[in-house]
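Throw the hints in and build the complete structure from the sequences for me.
Order-wise, the sequence lines are chains P, Z and C. Start counting the first sequence at 114; every next residue gets the next number (this note's numbering). Start counting the second sequence at 114; every next residue gets the next number (this note's numbering). Start counting the third sequence at 114; every next residue gets the next number (this note's numbering).
Treat the hints with care, since some could be wrong.
Claimed, not checked - List of simulated lysine-lysine pairs, BS3-like, C-alpha gap at most 25 Å: (1) P:251 / P:312; (2) C:279 / Z:297; (3) Z:312 / Z:297; (4) Z:333 / Z:297; (5) Z:312 / P:297; (6) P:279 / C:297; (7) P:312 / P:297; (8) Z:279 / C:279; (9) Z:312 / Z:251; (10) C:312 / C:251; (11) P:279 / C:279; (12) C:312 / C:279; (13) P:279 / P:333; (14) Z:251 / P:279; (15) C:312 / C:297.
What the hints assert, rightly or not - From the derived model, a few chain Z residues whose C-beta atoms are all more than 12 Å from chain P: (16) 132; (17) 196; (18) 207; (19) 318; (20) 350.
It is worth saying that the hints were derived from the structure and are not from the lab. Model, not experiment: these values are computed from the prediction. All residues carry an ideal CB built from backbone N, CA and C; glycine is no exception.
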Amino acid sequence: MDSPWNELTLAFSRTSMFPFFDIAHYLVSVMALKHQPGAAELAWKNPLSSWFTAMLHCFGGGILSCVLLAEPPLRFLANSTNVLLASSIWYIAFFCPCDLVSQGYSFLPVQLLAAGMKEVTRTWKIVGGVTHANSYYKNGWIVMIAIGWARGAGGSIITNFEQLIKGCWKPEAEEWLKMSYTAKVTLLGSVIFTFQQTKHLAISRHNLMFFFTVFLVATKITMMITETALMPFACFEDTLSQMLFGWQQKFLPCEKKSETKSSFNGTGSSTSKPVANASEKVKKKHSKKTE
Amino acid sequence: MDSPWNELTLAFSRTSMFPFFDIAHYLVSVMALKHQPGAAELAWKNPLSSWFTAMLHCFGGGILSCVLLAEPPLRFLANSTNVLLASSIWYIAFFCPCDLVSQGYSFLPVQLLAAGMKEVTRTWKIVGGVTHANSYYKNGWIVMIAIGWARGAGGSIITNFEQLIKGCWKPEAEEWLKMSYTAKVTLLGSVIFTFQQTKHLAISRHNLMFFFTVFLVATKITMMITETALMPFACFEDTLSQMLFGWQQKFLPCEKKSETKSSFNGTGSSTSKPVANASEKVKKKHSKKTE
Amino acid sequence: MDSPWNELTLAFSRTSMFPFFDIAHYLVSVMALKHQPGAAELAWKNPLSSWFTAMLHCFGGGILSCVLLAEPPLRFLANSTNVLLASSIWYIAFFCPCDLVSQGYSFLPVQLLAAGMKEVTRTWKIVGGVTHANSYYKNGWIVMIAIGWARGAGGSIITNFEQLIKGCWKPEAEEWLKMSYTAKVTLLGSVIFTFQQTKHLAISRHNLMFFFTVFLVATKITMMITETALMPFACFEDTLSQMLFGWQQKFLPCEKKSETKSSFNGTGSSTSKPVANASEKVKKKHSKKTE
Numbered sequence: 114m115d116s117p118w119n120e121l122t123l124a125f126s127r128t129s130m131f132p133f134f135d136i137a138h139y140l141v142s143v144m145a146l147k148h149q150p151g152a153a154e155l156a157w158k159n160p161l162s163s164w165f166t167a168m169l170h171c172f173g174g175g176i177l178s179c180v181l182l183a184e185p186p187l188r189f190l191a192n193s194t195n196v197l198l199a200s201s202i203w204y205i206a207f208f209c210p211c212d213l214v215s216q217g218y219s220f221l222p223v224q225l226l227a228a229g230m231k232e233v234t235r236t237w238k239i240v241g242g243v244t245h246a247n248s249y250y251k252n253g254w255i256v257m258i259a260i261g262w263a264r265g266a267g268g269s270i271i272t273n274f275e276q277l278i279k280g281c282w283k284p285e286a287e288e289w290l291k292m293s294y295t296a297k298v299t300l301l302g303s304v305i306f307t308f309q310q311t312k313h314l315a316i317s318r319h320n321l322m323f324f325f326t327v328f329l330v331a332t333k334i335t336m337m338i339t340e341t342a343l344m345p346f347a348c349f350e351d352t353l354s355q356m357l358f359g360w361q362q363k364f365l366p367c368e369k370k371s372e373t374k375s376s377f378n379g380t381g382s383s384t385s386k387p388v389a390n391a392s393e394k395v396k397k398k399h400s401k402k403t404e
Numbered sequence: 114m115d116s117p118w119n120e121l122t123l124a125f126s127r128t129s130m131f132p133f134f135d136i137a138h139y140l141v142s143v144m145a146l147k148h149q150p151g152a153a154e155l156a157w158k159n160p161l162s163s164w165f166t167a168m169l170h171c172f173g174g175g176i177l178s179c180v181l182l183a184e185p186p187l188r189f190l191a192n193s194t195n196v197l198l199a200s201s202i203w204y205i206a207f208f209c210p211c212d213l214v215s216q217g218y219s220f221l222p223v224q225l226l227a228a229g230m231k232e233v234t235r236t237w238k239i240v241g242g243v244t245h246a247n248s249y250y251k252n253g254w255i256v257m258i259a260i261g262w263a264r265g266a267g268g269s270i271i272t273n274f275e276q277l278i279k280g281c282w283k284p285e286a287e288e289w290l291k292m293s294y295t296a297k298v299t300l301l302g303s304v305i306f307t308f309q310q311t312k313h314l315a316i317s318r319h320n321l322m323f324f325f326t327v328f329l330v331a332t333k334i335t336m337m338i339t340e341t342a343l344m345p346f347a348c349f350e351d352t353l354s355q356m357l358f359g360w361q362q363k364f365l366p367c368e369k370k371s372e373t374k375s376s377f378n379g380t381g382s383s384t385s386k387p388v389a390n391a392s393e394k395v396k397k398k399h400s401k402k403t404e
Numbered sequence: 114m115d116s117p118w119n120e121l122t123l124a125f126s127r128t129s130m131f132p133f134f135d136i137a138h139y140l141v142s143v144m145a146l147k148h149q150p151g152a153a154e155l156a157w158k159n160p161l162s163s164w165f166t167a168m169l170h171c172f173g174g175g176i177l178s179c180v181l182l183a184e185p186p187l188r189f190l191a192n193s194t195n196v197l198l199a200s201s202i203w204y205i206a207f208f209c210p211c212d213l214v215s216q217g218y219s220f221l222p223v224q225l226l227a228a229g230m231k232e233v234t235r236t237w238k239i240v241g242g243v244t245h246a247n248s249y250y251k252n253g254w255i256v257m258i259a260i261g262w263a264r265g266a267g268g269s270i271i272t273n274f275e276q277l278i279k280g281c282w283k284p285e286a287e288e289w290l291k292m293s294y295t296a297k298v299t300l301l302g303s304v305i306f307t308f309q310q311t312k313h314l315a316i317s318r319h320n321l322m323f324f325f326t327v328f329l330v331a332t333k334i335t336m337m338i339t340e341t342a343l344m345p346f347a348c349f350e351d352t353l354s355q356m357l358f359g360w361q362q363k364f365l366p367c368e369k370k371s372e373t374k375s376s377f378n379g380t381g382s383s384t385s386k387p388v389a390n391a392s393e394k395v396k397k398k399h400s401k402k403t404e
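This is how it looks when you write it as structure tokens:
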């Protein structure tokens with residue numbers, strides 16, 4: 114128990130997110146918002162609306178998990194310190210003279226550091242969501258996965274929804290469907306921590322948090338440096354989709370004659386499924402063809 | 114009390130929905146989803162999104178009533194058994210080789226059986242919603258009607274809303290307005306069971322459940338066999354709308370001169386109101402003319 | 114304490130809203146709904162949907178504050194008396210023969226009286242929201258401001274959202290952004306009453322309620338009589354925006370060279386900011402030019 118390794122991971126899992134990691138999270142979120150087209154102009158025209166959007170970017174995951182558990186969505190406002198912290202970061206990011214913050218943030222090392230620290234907060238959010246959901250529904254493992262996922266990666270859903278209401282985002286079925294890499298890795302983490310919570314994984318939580326955080330930060334920084342959306346799950350997804358949905362292909366002939374109209378699309382993209390995750394374009398082309 | 118009839122209805126009202134009626138409900142909901150254009154292809158492309166939509170189709174009413182009562186919308190996920198049941202039905206319905214399920218479901222008797230059993234679950238949902246709302250607001254009869262209605266027929270609202278967010282459904286005021294037959298009959302049942310709950314109907318609940326279920330199943334199956342949207346409420350609705358909104362017609366002359374711009378539409382469709390429910394086309398034509 | 118002035122304001126702050134002020138509020142809301150294009154025709158075609166919209170207009174603020182605090186949005190339905198009151202006002206407003214209500218409401222004095230009484234209810238709502246939020250989050254002053262604001266001016270948000278879902282309102286970023294005068298004054302009142310609640314304002318609540326109500330009614334009636342959207346906050350807003358966001362202008366040169374693409378809009382509208390509130394057109398023109 115008191116092996117140095119254990120002490121290290123235990124101390125790591127007890128790290129407080131409050132001042133520094135939260136700041137990194139808010140900084141990355143606000144800068145992501147600022148780089149949206151028209152966001153800077155909007156901040157000058159209507160600071161209140163821009164501030165509201167920035168808060169949604171910073172606290173979206175918590176808001177979504179509150180909605181899903183029927184808790185006050187405004188709870189995050191009760192934590193005045195974090196709100197003021199995020200607000201001041203929003204203020205200096207948008208209204209700093211000479212745009213010093215953007216210039217400083219444009220340096221790659223700064224971005225890497227901030228992004229890495231933001232990924233650390235993601236692990237903490239997932240764990241918090243899973244344990245919080247567990248306090249609601251004992252062993253309701255589906256709820257635990259959903260809440261951990263919502264708190265870790267729900268911000269994008271909230272912000273997309275806000276853009277939808279504001280009319281500056283026209284949704285398309287395609288966009289809605291395909292999960293981002295962040296959503297996938299958060300879902301994976303949520304599943305892992307849920308199994309650990311329900312004692313199906315024989316590993317202590319602080320070790321798991323350490324390993325998952327290292328994995329998150331490593332992949333994130335690698336993706337930022339190489340600027341390639343590397344897919345560590347592509348092969349895994351292929352195998353899974355092959356197992357679950359691919360084996361029907363041997364029945365294609367009978368399917369062909371048994372089905373008539375809309376299911377032809379199904380078979381069409383089922384043939385393109387095994388290579389779908391590997392190359393998006395192929396799928397796109399196939400769907401184009403079948404539509 | 115112990116008359117055989119009473120015992121029969123009492124035993125009927127104590128029937129458990131769990132394995133078989135729920136399966137029928139899930140089957141009908143999933144098949145309705147599968148027959149939407151592009152749903153089958155979407156299931157191949159993004160199974161997770163298709164599964165999510167299927168869950169909304171299966172548990173939409175409960176989700177809506179949870180939202181309206183500020184209960185966790187995710188509660189239905191805590192009942193793992195039903196979720197796994199619905200998921201497996203979704204899986205075999207979408208990915209069964211040679212599409213055996215669709216072929217089996219294409220036989221009319223199977224559809225009639227499944228639809229009838231689904232209507233039985235509707236009665237149970239209405240009663241559950243009314244009693245649940247009563248536990249919140251003693252004698253808050255409007256809330257009881259609303260919750261019973263939401264749980265019985267709210268699934269379509271939830272799924273429409275999801276399609277709206279996904280952008281694959283462009284709402285029109287017309288669509289939003291006109292209630293489906295299901296919504297009307299569910300509203301009727303919700304009102305009846307609310308009155309029974311508030312002791313304004315001198316009939317025992319199990320008898321009422323029996324009669325209402327028989328009425329639901331009979332009308333549903335008749336509509337499916339004759340393939341005509343028979344309107345058992347048309348005459349009733351006409352009388353009601355005549356009583357409430359029709360008697361102003363004798364004042365049309367003074368209304369004509371008293372009103373100028375927008376109310377002309379009002380008078381225009383008021384003349385077409387008494388026959389509105391009888392023939393939709395007439396109303397459509399009138400509204401076209403007045404718009 | 115027992116000065117006649119104190120007694121007057123105390124008695125005023127204890128005035129019950131129930132029959133008369135609520136009626137005025139419902140009347141103004143329903144008439145605002147009726148004057149929307151197509152609302153009268155819609156009431157003839159689908160009375161239920163029109164009634165639902167009218168309820169949203171009458172109780173929207175309460176519904177929004179309930180949603181934000183995770184309370185049942187349907188709670189307003191539990192107060193049957195008010196619901197029936199609002200429903201009957203909706204009924205006579207839409208279906209009264211010869212449209213007597215609209216004719217009576219078309220007289221300016223009636224409108225002034227009703228609008229003034231509606232503004233009185235606004236103060237009561239703000240105070241109710243602030244105190245209610247305070248019971249949730251002790252000294253969560255941001256939450257108190259938000260809830261007071263939502264309950265006082267949230268009806269428009271709810272109704273806009275409903276129109277968005279019904280598809281008869283296409284949102285634009287511009288519309289979403291700029292706050293109406295009502296929203297601004299409600300926000301001001303919410304801030305003031307929150308400070309009073311947190312003992313940062315050395316004034317008794319009943320005095321504050323009296324003064325704020327007088328201010329609300331006076332400005333509202335003045336605006337209705339002069340038919341000009343007078344901006345009592347324009348100069349204040351200019352000063353504030355000058356203080357917060359205007360001082361970066363001296364750095365424009367360095368900002369010019371430091372920024373490249375998207376921030377040009379920012380600087381463009383920053384120059385137009387000090388006069389933005391004074392003349393909307395100038396801002397519009399600038400934004401046009403920069404977009």
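Problem set entry | Enumerated hints in conflict with the structure, sorted upward | As far as the earlier hints go, 5, 12, 13, 14, 17, 18 are violated by this structure, in ascending order.
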